[in-house]
Amino acid sequence: MSNVDATQNGAPRKLAWWRSEPAHRLLTFVLVGLVAAVVTGPEGTQSDYAYGLKQSVLKPRVFIYLALALGLWAAYEFGGRQGWGGHVSDQLKPLRAGLRQRANRRNVRIGYALLAIAAIVLPMGLSSFWQAVLVTEIGLYVLLALGLNVVVGFAGLLDLGYIAFYAIGAYLTAYFTGRLPITPPFQLNPFLILPLAVIAALAAGIILGAPTLRLRGDYLAIVTLGFGEIVYQFALIKTDVTGGSSGAFNIPHFSVNLAGVKYMWGLDPLPYYYLVLGFIILVVILFSRLEHSRVGRAWAAIREDEVAASAMGVWTLKYKLMAFAIGASTSGVAGVIYASNVSTVTPDGFLLQNSIIVLVLVIFGGMGSIWGVLLGAALLQYVPEALRDYVPPSDRFIYFGALLIVMMIFRPEGLLPSRRRKFEFALARTGLVEGDALTEPLGGPVAARSSE
Amino acid sequence: MCFSQNFWPLLVSGVENGAIYALIALGYTLVYGVLQLINFAHSEVFMSGAFGGLFVVQGVLGHSHTPSGLLSVGYIVLGTAAGAAAGGLAAFVLERVAYRPLRRRKAPPLAFLISAIGASFFALNLAGKEFGHNPVPVPALYTDGTVFSVFGAPVRLTYIIVVVAAIAMLIVLDRTIAKTRLGQGIRAVAQDAETASLMGVNIDRVIVATFVIGGMLGGAGGFLYGMAYNVQFNMGFFPGLKAFTAAVLGGIGNVRGAVLGGLMLGIVESLGVACLQVAWRDSISFVILVLVLMFRPTGLLGERLGRSA
Amino acid sequence: MRQRVMIKVGAPLVLGALALAGCGSSSSGTKSGSGSSSAAGGGGKTFTIACQGPLTGDNAQLGINICDGAKLAIDQANKTGGLPFTLKYNAVDDLGTAAGGPVAAQKIIGDSSVMAVVGPAFSGATQASESFFTQANLASITASATKPSLTDAKNGFKTFFRAVANDNAQGNGAAAYIAAKLKAKKVYSIDDAEAYGQGLSKVFEAALQSKNIPFVHDSVPQGTKQYEPAAGKVVQSGADVVYYSGYYADAGPLLKALKAGGFKGTFMSDDGAKDPNLIKLAGTANAEGTFLTCPCVDAAQNPSSASFVSAYKAAFNADPGTYSAEAYDAANAVISAMKGIGASVDRAKVVDAVRNLDYTGITKTIKFQSSGELASTAVYLYEVKNGAITYLGPVDKLATS
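Protein chains in written order, with this note's numbering: chain A, 104 to 555; chain B, 865 to 1173; chain C, 193 to 593.
The hints are simulated quantities; they were obtained by calculation from the structure and are not laboratory data.
Among the clues, some could well be false.
Partial list, derived from the structure: chain B residues whose beta carbon lies under 8 Å from chain A [to be verified]:
(1) F919
(2) R969
(3) A975
(4) I978
(5) S984
(6) K993
(7) V1000
(8) W1144
(9) S1147
(10) F1150
Pairs of lysine-lysine residues, derived as DSS-like cross-links and limited to a Cα-Cα distance of at most 25 Å, are as follows [to be verified]:
(11) C/K505 with A/K157
(12) A/K162 with C/K505
(13) C/K456 with C/K403
Given the structure is predicted, the values throughout are model-derived calculations rather than measurements.
Backbone N, C-alpha and C fix where the C-beta goes; we use that ideal spot for every residue, glycine too.
Could you put the whole structure together from the sequences, leaning on the hints where they help?
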């Protein structure tokens, strides 16, 4: 690449015009314009594979895209570069600094209270579609992402089979409400299944973690991925236990019948939203306390340098197991709510893709940061639903994929990275310290420095 | 044992599967060797190769007749080459779009994971939109049939083609890495990027080359796979998952390990399904993986690309 | 440098946004009304028929087949006129999963112009969605969800109709034919580990059991592609009939692997496999003599089905696929029900009209029992002869004659 050559050899070299940066940018703009034309173009057909491409690139509409690309390029090259979005975050700096100054304990409390009130009141005005999205797509996935954040963000363990614990919670609910082919010893209200799910997922987390947690980074990732697949296959194939791919259905809703208070959750999504919201608030409080406790510091130590942490007397296996178990139990709780809310449990809700999505949510939001994960998960889960109204439904995930790439280029550290993570990240970038497996840049610190 | 009766036929089909796993696993392992990253979009590179080969073969051959003799060989080589070209191109574009900008910004590895997942979503769904969702058979390039038997196990022509092509490519790759200047560069970066860059190795160029080589192998594997089975927009997912497993099994980052892991996985799966329902195949391979990693935490042959190639 | 990268990527965002804005204006602007309140509509003269199915993911093709079939029916109805209202079409993606069901159902219900739903496509999604449709008193007619228990009264799905025979009819019919005509000594029953395949194979195996025919059960997940191990097991078992419960995309390669592996017996499959692509994927020679059961009458017996195929091709640039014709019929049935009501359509009236429907489409006569099941659940047998799927007749008659 031109600019690398230039910087590596000290003095900038004179380059031919077609190797100059503006020319490169022009090419990039045009290519992106063409890709956009294809993505928004008509569908292809299997009798002529080039049909879709031809219709998008050879029709006049392509000129709109090319003109846009050229216009944007010209605006960038000849217009003021300062106005280009890139500095939005810089412009926000004084605002943020002001906020931080004013953020004394009382104001923070008021802020949280306002946030909670907004979370309670605002959904009332939404259509039932958006309320349903808030429960099944956003709320439950926020809960899952918060749990995985403990594993990935706090303890630095890469888990690609996280959805298995969600499945365990959901199938446990089906079991204890008598909706599986095997009959339970007694039937329970979903509320009473919650603690059982916590215990079951916790146990599953420990059973999976104990033999595998001595594995490092990517090896752990593939083993957890395998665990997730095995749980999925079990649900799919053992029809006499799990009901196979048609699963369990008619799972009863949550209900309360205590001391004269009688309430039954039903098809209306709003009460479920409040239930999920309650758990999210609970989890946020628990986890933020945990993060700043002795346990949280042990996790940070393990994440940053496991060998050093262990030399300093941190019992690494214990804390890693703990992270695994806490993450798993959060997922188990989410599984119970899911089963009861959707009232149908089928294996196709627990695919590897779902595990990957949860991981994406955590990193997108800023791993290690509870508020980042909360915001990121909500935002990212909202996108495919919002796209329903604007693009052909079968194309939704093309845009979703593009969004992920764009986001990681703009903000590789995530939407709202935690302060500690940001610091680690910055340190690793300057090459002053070796980051942990999850923050160290490619090719080691020096390679990163050399291409600056 | 449950597979003792038809051990040889199962072994033959296991070797064929294993050869394809090995080809894809190399793409994972090469990229891992130099970047210490799992390339999550490699399965879409595989799919691109299959479509590339399919288009060229369909374009040249049409749907009409089945060639024979040397002509068949020519078509197979052509399709495989087209698959390799498409795979290499896809990997090149992938590196440019989803990896290089992040590398420039010194993003943490998990950000690469997410951008690769994004690229995978993008490519998968775009391929579905452009090329349809139905599986498509590659036009028959030769008349399949049993060529010879090993202990009573029929060995089909398809198997021979896949295995021979895989072996040929593996030898070329092994020599490239061991003997050429580019191979030296790849090994140097894999072993110690810092020193390599001080010694004048252009890391950017080595990374691109690694992606393209891995992509070509994956793309060629994609075409061979498509020829043996069929071509579909989501065809990359399962072979990709298995190849990833195979790469880890052999020791990720280790070229010979990937080949060994691929073959072992193919054979174990093939023998394993004789005992259980076929549906348990994936679980069998993951159980094997866990067992191996318990005793050898960095895979069968250990992990560095630089050390053993 | 930072700026540069941002621009590189900023451009597609801006372009994308513009494109979205462009598409947005043309796509159906759904009104999010008060939602679950029953029976809205009236007033305006535009009504919507929604389609719910998997439009993304591995099973997207089935959803697309179904929704395109429905769309064709709606477009044709609008064009030929004679309707006292204008119809709109809206496809809603439920990913084919139970988890996607409620959200998709809420999306449909929330649009108060929706008067009926074609779908949901899959049984899992149907289970998760139907309570919402019942609550909103919105008729939903599936063209493909065949799990028998969906019409059980205890589910309380009051507005669910199934315009396709359920697994019971087909599984029993296939088993009867295998027993009486093929005189199988041993049957190898394979399912695709999907709801449809597992359900059908369960019924089929129960029917075999009652006829005292020994069988082996195996499961090969959809999308496996490599069928050699399965084929090896079949040959090893010495079975003379293989029944595959699943779709053609998997049945084709399985059949090819079976023949390559030396299987000499008869291959039989279901309506999901009754597709010309089966022959393409398996190879013409391999597919010869394959039997297919289907609860659909032969296309050639109905002249209007030829025009359906050509119209479908013209509209979507592709041949109609599995369930396209069934969905076309389901949508046409809904349209004829709505036509009978007149200009003032509402959801409750549509449910009543669908319940009393008697409509003859290109695949079958659509007339519902009180449970929502089809009145006639005849299953027909087809055979691949000379590279084409040929109609043989009703399977019950063939088995007893």
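Going down the list of hints, with the structure as the test:
no., hint, in the structure
1, F919, "holds (6 Å)"
2, R969, "holds (6 Å)"
3, A975, "holds (4 Å)"
4, I978, "holds (5 Å)"
5, S984, "holds (7 Å)"
6, K993, "holds (5 Å)"
7, V1000, "holds (6 Å)"
8, W1144, "holds (6 Å)"
9, S1147, "holds (5 Å)"
10, F1150, "holds (3 Å)"
11, C/K505 with A/K157, "holds (19 Å)"
12, A/K162 with C/K505, "holds (22 Å)"
13, C/K456 with C/K403, "holds (23 Å)"
Every hint, counting from the list given before, is met by this structure.
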